[in-house]
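Chains A and B are the protein sequences, given in the same order. Quick note, the first sequence lines up with residues 710 to 1122 if you use the numbering used here. Quick note, the second sequence lines up with residues 710 to 1122 if you use the numbering used here.
By construction, these hints were calculated from the structure, which means they are not laboratory data. Among these hints, one or two may not hold up.
[To be verified] These stretches of chain B come out as covered by chain A in the derived footprint (C-beta under 8 Å, 3 or more residues):
1) 839 to 850
2) 941 to 948
3) 957 to 964
4) 1043 to 1055
None of the values given here were measured: they were computed from a predicted structure. For glycine and all other residues, C-beta sits at the position ideal for the given N, C-alpha and C.
There are 2 protein chains.
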Amino acid sequence: MEDTSSGSGPHVLRWLNASAVLGVVRAADQATLSDLMEATGLTRPTVAQAVATLERAGWIEILRNEADGGARRIGRPAQRVRFRAEAGHLVGVDVGPHKTMAIVTDLAGTVLAQVRHEIDGVHQGGELATDVLALTESALGEAGVAPESVAAIGVGTPGVVADGEVLMAPSIPGWAGNRLGADLTTRFDCPVLIDNDVNLAVLAENWHRRGGPEGTLAFVHWGARLGAGLLIGGRLHRGHAASAGEIGFLDLDEEPRERLSTDRMGPLESIAGAEAIAALAESVVRRRRTPLRELLAARTDPLDVSPIFHCAAEGDPVALSIVDTVAARFARGLAPLFLLLDPDLVIIGGGVSRGGPVLLDAVERHVRRRTLVPPRLEMSELGDAAVALGGVRLALDRTEETLFSAAGLSAEG
Amino acid sequence: MEDTSSGSGPHVLRWLNASAVLGVVRAADQATLSDLMEATGLTRPTVAQAVATLERAGWIEILRNEADGGARRIGRPAQRVRFRAEAGHLVGVDVGPHKTMAIVTDLAGTVLAQVRHEIDGVHQGGELATDVLALTESALGEAGVAPESVAAIGVGTPGVVADGEVLMAPSIPGWAGNRLGADLTTRFDCPVLIDNDVNLAVLAENWHRRGGPEGTLAFVHWGARLGAGLLIGGRLHRGHAASAGEIGFLDLDEEPRERLSTDRMGPLESIAGAEAIAALAESVVRRRRTPLRELLAARTDPLDVSPIFHCAAEGDPVALSIVDTVAARFARGLAPLFLLLDPDLVIIGGGVSRGGPVLLDAVERHVRRRTLVPPRLEMSELGDAAVALGGVRLALDRTEETLFSAAGLSAEG
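Using the sequences and the hints, build the whole thing.
Shown next, in the form of structure tokens:
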């Protein structure tokens, strides 16, 4: 409490009030002033002031009474307001080593277009920014949205991101220090926010589940590499050096292996990531009789581990034993997250998470052996759109801030 | 932002303002209205309103101009206010398996008395509440503070504490479900707050270091048992089931040992806690020639591991090798905290932390091998008073809340 400084004027209050009103109108699409008073607990003059602010900014529209064609009746008409979802648009972009994805939504978060671009091999940083610009334009074209209508763009990328700059991104050569933010800002003349991909994924998961600001939500990306995004008390937990959540680098052995380096895979991802899972499966099917052998031989992507989970779900004992080993390795690294943070929920995403219930059950069973309270674990429902949707959420947050600061309101006072 | 509800009226603002003014007066002991305006960024009428609120509540005193004996001069006199540290008192209590401690302070947090009671063996829950009542009275007597002057009491205890009740405290038989809170409330007629001991320790460390609400501070208790208190963004991180920070139960081995139970020591504390350290040292000195052998034989408390660090600091190679092993075991469990949270600082407290620089250096060296960014680690400067001082901090927070709600202000609106 002693740290409260000048950041507490009436501006903050008006900002909070307008934000609360906006949230209710957006959720309900349309509402009367009475609805808004009831949902926010604010007085009529305060709600009216917030409505005026939001109307001036173009976010809501005041509807005339339809029954009498807009003519004044005796007494106070039940004024209705409508959220203008079409007043602006948002773009979320996922930049990965092997794919890029762009999602375009309106201000209500309704997805209007989702475009995906996969490449063989690994992106090179230099071409990537050009690729993202083209992808974003293509997504806007598909959505029928003019570039001038883009209010903000949120971009997720692997690596360490601080203050909107990619400081380190070992999985994409040449990507650190890229000019993507500047390029996008120049092209679309709007704010561009860049953050770590798992940070965006946890924002998207919380949004998808309509989570509030309380409690702790973790998103664990389980693909070729491993990393966690943490949302604690409604805020992204980025850490002192923006490197929180690096569970792929957990070295749990008594004697640590070589010195850790972000240029190489971390100890946990090198035993529990998609490559390690594929290698384990290939070595097992050479020794044991299983329908998995043919399925593995037939796939085109060597990192595609889905046949393992497919066979396990059908009851193949060899595939089940592989799933059990994989789950045990992953659980060994996941348990410290549970013991340290006692989170409300951990959501597993990334390519391996498509393993479904047979994998989730095995992970849950192995984590439970290492924790004091039963772990709360789910697979992501957002699939590989999580990062791009998180970009949309980040862009939406910024757009609301911009709205309120343009209206002379600000969370900073 | 959509979760903002009725909790944002002018009450909140007045509460924040009065709290900011109080913080400045307390830190400066005395201040003029101009000082307060400058330090808080608030306007003169707002500061005057806050001063009036605080004076009515008895927390500050308005000093008449001393130079002219209180007579009015022409023009506006430079009105000074003084923080009335003596207006109330706080008690912090540390309830441990082997000792209890009570600290009495004034409202400025100045320690007036510190009383400690050690027992042989382990406390029994039944007698413990009686012991704490007697200890508190004895501390108040030593401080010359009347029981009626106690504004609030904060108590730290091992185990799981939720909503002021000890749900589980395996290290003190019969302590779970105790009536200490009710007994203290009855005796002293004031609010009694009970929380987990490491949670209080991290509050005390943050207070001691004048830490603000930003960043992440962890306090790791390293004694017979291990546990961590986490302060994230200015808030205690308790976890979903109030069981965050249980690093003593980390089982890092590939194959987990027996099923975890709070009735037994956890895997990490059973290899890195004080008992394990003592056992290791005893087994080593039987095999190798070292001055440590006699020192260990001479001590009265079998859990006193200080001779190891004493000999290591003097350069004894046998003691140094023990320190290295101990630090390596501890670092293996501490590294996940760094990789997951990337904290601003980790403070090590508890009996083993008295090992000093020779131990800190070894721990730092071993953690560094397991983390991506250099770990920021310090030993506690509060010694075994950390938990009781955290109790004082908790009591002080509650007292301020009570003050403001009595004045018609509230953080909840």
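Indices of hints not satisfied (ascending): When the structure is compared with the hints, only number 1 turns out to be violated.
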